[in-house]
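Protein chains in written order, with my numbering: chain A, 31 to 82; chain B, 275 to 672.
The hints are simulated quantities; they were obtained by calculation from the structure and are not laboratory data. Just so you know, these numbers come straight off a predicted model, no measurement behind them.
Derived pair list, reagent style DSS-like, types lysine-lysine, alpha-carbon separation capped at 25 Å:
#1 B:K610 - A:K39
#2 B:K323 - B:K334
#3 A:K51 - B:K282
#4 B:K618 - A:K39
#5 B:K407 - B:K618
#6 B:K573 - B:K657
#7 B:K573 - B:K597
#8 A:K33 - B:K501
#9 A:K68 - B:K463
#10 B:K282 - A:K68
#11 B:K573 - B:K338
#12 B:K501 - A:K68
#13 B:K282 - B:K414
#14 A:K35 - B:K282
#15 A:K51 - B:K610
#16 B:K627 - B:K657
#17 B:K414 - B:K610
#18 B:K407 - B:K657
#19 B:K407 - B:K627
#20 B:K501 - A:K35
#21 A:K51 - A:K33
#22 A:K35 - B:K463
#23 B:K282 - A:K33
#24 B:K597 - B:K627
#25 B:K463 - A:K33
#26 B:K551 - B:K407
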Amino acid sequence: MAKYKNTTKEELTIPNVGIVKPGEIVELPDDFNNANFKREGAKKEEDNQNKK
Amino acid sequence: MSNFLASKSYLALKPQVAPGTPIIPSNFFALVSESIRINPNFTADRRMKGLDWKSDDLLKGSRKIEGDIVVLGDPEVLGHLLNMTYLKGTTTGDAASGYTHPFTVGDGDSYSIEIPRGNYAQRIWGARAESLKVDYEDNKAKITVSIKALGQFFSASLAVALTGAGMTTIVLSTDSDLRPSDGLVIGDKVIVGGVELTLTSVNVDGKTIGFASTTVTASVGDPVMLKAQTPSLGTQREPLYLGNTLAGIAPTSALADTAAGSRATATPCYNLSFTLKNNLLDAPASGYTGPAALLNQVKEAQIEISRLFETAGQHQKWIENVKQAITLIATGRFIKTDLSTSEKLTVKFHNTKLITNEEPLDAGGYIFDKQSFEALYDNSDGKAIEIELVNRTADTAY
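Use the sequences and the hints to build the structure in full.
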């Protein structure tokens, strides 16, 4: 699991997760992929980003 | 092998800054159906080679990427589809009262569109609306937008094997296209050899993509697929309803506006639909496998109305070729908390004339006027059509 932040100004609904408020940080699976969310600590984890 | 439910798909949209520059779509909407397809226009190689069989191969023609997207007509997705069809003017309003977006006849924006097929996504880019149809099915507004696109990325195959530790680039096969990586952007995730890679570069050569040093093994010909996003949907809005739509039909647009202002003066329609057409030209050019640009040709629109036959008035207007202006006002849910502003779609056809007006007789049923109007340019008003949409989406999304 990794922490992702909703970078939009909207409440967003993610299937099987629920509603995420603007700016809220939530734990999501490592392979989560969505342009509206930024992985927290992405800089540190950049080298590990490409993984099985 | 995995199987995938179509219901887990979505529609993601985002206007591009330039027609030829794809972007990762981040506005997610519920999808009813789609039929977007690549057509390489393969034809049989008919060169004479001593065979008594028609052909031994297929050769590529001019590629087309086109098809329909069908959604329910809620004011948020409608805003993007109108923005893809017509020119959006200056937006006014705010989040509390709603945003008012005017649209006029002019070039719409080019969009990047993403539609997943299973775990993988098809990115269609440089997409423009060939036509947009709004009709009502079981009271609910349904929008069918027919799109054409400059390109797409769904998958490509590996041209150079990946051999294990320290891999940083992928070279894609050019068997289908000399620029197979067009459509990918930095930040995209692709899957190859069972490994997920985040792109850090997309080379201008159109076939090389880069990623951080990773251990990955894959053979020449293995697929490189674009990973689907996990959808993140904003608040789902109700579609506009026929039951909340008023049609004003009158000799002038101003009178049609007045007529559409209340149920008492509006024309009861049992069904109605309208289609806006851009008649895009897929402009071919050397250096492009598909179209180099999608250019608007003359625009047109048609309106279909079904209404109870009351007098021969519409029949006479048809055969005497009489101008009628039509204003449609579809009101949605309230936006402002004091219920003073609402979602609203207003479509004004300044000059229409009946192409056909049928009154078919069916045993046991009422007689209807089944009408097809051509939307014409109005010389006195100086326009054919104008559209205004009030929704909750700020101008920045367009």
